[in-house]
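Student: Chains as they are written, first to last, in my numbering: chain W, 281 to 548; chain Y, 281 to 548; chain G, 281 to 548; chain X, 281 to 548.
One should not assume that every hint holds.
Where chains are identical, the list cannot tell them apart; a pair therefore holds if satisfied intra-copy or between any two copies.
Stated by the list, open to error - Taking lysine-lysine pairs in the DSS-like style, the calculated list, with each CA pair at most 25 Å apart, reads:
1. 445 to 524
2. 337 to 396
3. 518 to 337
4. 521 to 397
5. 313 to 378
6. 335 to 524
These aren't lab readings, by the way, just hints derived from the structure by calculation.
4 protein chains.
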Amino acid sequence: MNNPKNPETQEDMPEIGEALKRAGITNLRTLVKITHDSHRYKFVPNITITVDLTKDKKGVHMSRLIESVTEVVESEAEKLHISIEQLEKRILNRLAEKHPYGRAVIEMKTELVVRKKTPVTKKPTMETHDISVSMISENGKFTKKLRVDVVGNTVCPHAMQMVGKPHIQRAVGILEIEAEYSNDITLEEMIDCVERSFSSEVYTLLKSQDEAYVIEKMFKNPKFVEDVCRGIIYRAKKTFKGCKINAKVISQESIHRHDVIAEGEAVV
Amino acid sequence: MNNPKNPETQEDMPEIGEALKRAGITNLRTLVKITHDSHRYKFVPNITITVDLTKDKKGVHMSRLIESVTEVVESEAEKLHISIEQLEKRILNRLAEKHPYGRAVIEMKTELVVRKKTPVTKKPTMETHDISVSMISENGKFTKKLRVDVVGNTVCPHAMQMVGKPHIQRAVGILEIEAEYSNDITLEEMIDCVERSFSSEVYTLLKSQDEAYVIEKMFKNPKFVEDVCRGIIYRAKKTFKGCKINAKVISQESIHRHDVIAEGEAVV
Amino acid sequence: MNNPKNPETQEDMPEIGEALKRAGITNLRTLVKITHDSHRYKFVPNITITVDLTKDKKGVHMSRLIESVTEVVESEAEKLHISIEQLEKRILNRLAEKHPYGRAVIEMKTELVVRKKTPVTKKPTMETHDISVSMISENGKFTKKLRVDVVGNTVCPHAMQMVGKPHIQRAVGILEIEAEYSNDITLEEMIDCVERSFSSEVYTLLKSQDEAYVIEKMFKNPKFVEDVCRGIIYRAKKTFKGCKINAKVISQESIHRHDVIAEGEAVV
Amino acid sequence: MNNPKNPETQEDMPEIGEALKRAGITNLRTLVKITHDSHRYKFVPNITITVDLTKDKKGVHMSRLIESVTEVVESEAEKLHISIEQLEKRILNRLAEKHPYGRAVIEMKTELVVRKKTPVTKKPTMETHDISVSMISENGKFTKKLRVDVVGNTVCPHAMQMVGKPHIQRAVGILEIEAEYSNDITLEEMIDCVERSFSSEVYTLLKSQDEAYVIEKMFKNPKFVEDVCRGIIYRAKKTFKGCKINAKVISQESIHRHDVIAEGEAVV
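Take the sequences, apply the hints, and build the full model.
Tutor: Below is the structure:
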């Protein structure tokens, strides 16, 4: 400890010699820039970045985690093409230069806006989905976890069979995929797998004719929350390879105060 | 300042001479006991308790607010009948002895469980509603604010007229009433005003025949979010007198990602 | 009803003749573009847009509210300078052409990223604040409500006086200002009013020397939650004119499970 | 299908033959009664109850999950002693009679109020903690997951070493334990493991002398979020046997907008 004014307390031996799985920063919100098809996108994700900690180090140098994020965001922003995944990989590489780790993880949670046309009147509409992109660096290998939360609906097939009329409600479908870094999986394809599995996809804008179309589609496709969950797994298995799939659907029942839930997994 | 070990910093003149509307404790969760029809109820509400602050006092003695709550809860618990409203009034009276104020407010947020029978099979079911009871003491006068958040549904009348089939979704109806302390208003009556205004009330338990009944009722009562809001105001105006009414309904649209909302007010 | 396939159900006379204060869309998330100092900004706010409803109209044409937002966002995006306030005013003007109203309100909630330097090492850091910009159109007059939620801290002066050591905690300061449309108030100035009122402002990045500076500043500025609230009101009164001010501070006490709160108002 | 009015749609073959890990009810809030040391406790937990679903059954009979909960709550309430764990085991046994499953899980999330004395003035105070008790039934074997979320604080040892003054903040420590049903683990012991690991435990009520005591204790025990996490693991390993331990601590930094986090695991 040569400089008493700036002790490296984090390097001290901890009182309790336990290795920790992860330590770091969470709920960090900072400006991130990516470039996609020569369009520049700026957004403010909620970021978590952590490293593992050996049993002989008291703490993580937290400011180095922050700097790894902000420095890479600044220096890479001018690139012609950089995705969230590429950015995260570079942040974890930069972090390795600043702070030794065995395993590091970064997650960015934000939203993705998809431009669509309404189904009948073909008016432009923008659909916003919650997404999360995580990158794990371990033993020089990069693995990613991608997640989309997509809004849709369920139309009860039991009620349809029983009284010829269904109860209908909003549902949220969540698809998570774990794969190697190089596995080319787009969030748009993931969103598509979820949307196609509902009784109908939903739209931000619906003129009367579009609304009629969506309702007719819902009534033709009665689905339990379990059916939607199986549909997501089925479509994800067909679309993606070499990955782990987790699908979860929560249906906000219109005839109950509680929600119903279904969850399933697959490895392809 | 006779006792240097326990300075009354709160009594100091503040640097900036501004009177404050309220200062105190929020997100306090403690055990509360009430007695209703000789049944003892214990619950853990989320409590906010505040007083106004004159421009010549630096701060509120926060521990006296806490003590007013806990002492009254302990001493009043053995009473044969004490409601949340009565308990809150006594807390504000106790507080006046401990801490001078011009205006004090206490709010308790908790849930109310209502026992019902399912509509056809007559099975017992318990329905849980979020509620809030606030008491305001000002110039020796007590005023209360009561709020219920009740889950139900909307069935779109426009879609019903247009294609003979509706979209249906969960909706939340919120009724707030402001009245003098002595005005006899029950939370159960308030919940009833909201429930009757939906396309149908909902149930925690529904056997198949009950479900059929609820669905038939929904299809016979298509309602916009605006209709539900007007229904709540209409029923509250008929049921309660000498009070201010605020009704708000949020419908979690099954064909959209966003919600629709309606709000109205009345004085009776 | 000439076209049975597209009935204007919303224009029907409602069963219950109550005028509503507001009805519309909430939790709408769509892409918005503004231009500031020739920089283009894209963001995805959470939007609420409502109109009042007379007692002779059954419902609001909800899709016209959506279209007013999306059409103005598209058409105005190429402008050399357009702020959130200007965009909102144009949306309410566009809405007036599509849907009659007496009073309309639009709110956009998003975050504002402010670039700063760390206090000692002068490293670049980005500070993210929650903000909300609302516009009200009533009788041809536009009024706005601006809100910033800023993170800082409180350092207890009572503990400091009593034991020479304080308890310290994160606090959130909220400043809301209501003013005429033309009143030139920046969110950055509002954030500044709040930040200067804490025991110290906080930073996303702090190297050791910066951290030492912030801690010394905190210890020199012990403040109750009431002091912070008064500071915000004092600074807002000095900075802004012709407006209503509301300040609220919530301190996440480090020695308690609950929070403490202070709130005050002023008109200048 | 003998009774066309009540088809067993759930028993149909699903279109997509995927087995699901779990399907059922979530966010169910109903009244639950337990008896502990001859005291009766009533509370309204948030309940999730799910079963796995084979690939040849379209859906779960959701009302049977609800009935298993409510029937057992009613019939067992008069017992002299029944804990949440015992109640959950009986619910899963009752469910097995109503609905076949390979694996069923029930979780109840609620709060636990612990009576304490303030450290110096010995005044009574009540401390409320979020807790969760889950039971898993699989192949006739019962496993449980217990979780406590406890509020405390961290006092930065790096700042203490560097400038002789710390930054201090609220922190939340979360301890999760997975064990066999018969393993006797109390939530109170788990809360104790977490509380002792902070720089100081916190109290709902603190008179000035108590506050002085807590502050002195905090300054004598500077701890990183990593130190608190290690402390919880160390204490849990000493206290409990034959179980899996997971500890997570989130510190709401008073000098930053973001939080810091540490997480570790152990098997004993």
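Student: Treating 25 Å as the Cα threshold, decide for residue 445 and residue 524: within, between, both or neither.
Tutor: neither (37 Å within a copy, 39 Å between copies)
Student: If the cut is 25 Å between Cα atoms, do residue 313 and residue 378 qualify within a copy, between copies, both or neither?
Tutor: The answer is within: 22 Å in one copy meets 25 Å, while 37 Å across copies does not.
Student: Regarding residue 518 and residue 337, is the shortest C-alpha distance of 25 Å or less found within a copy, between copies, in both, or in neither?
Tutor: Between. Shortest inter-copy distance 22 Å satisfies the 25 Å Cα cut-off; intra-copy 46 Å does not.
Student: Quick one: residue 337 to residue 396, C-alpha cut-off 25 Å, is that within a copy, between copies, both, or neither?
Tutor: Neither, since 51 Å and 32 Å both go past 25 Å.
Student: Please work out whether the CA atoms of residue 335 and residue 524 approach to 25 Å or closer within one copy, between two copies, in both situations, or in neither?
Tutor: Answer is between: at 19 Å across copies they meet the 25 Å cutoff, but 31 Å inside does not.
Student: Checking residue 521 and residue 397: alpha-carbon separation at most 25 Å within a copy, between copies, both or neither?
Tutor: neither (30 Å within a copy, 46 Å between copies)
The structure fails hints 1, 2, 4 (numbered hints given earlier, in ascending order).
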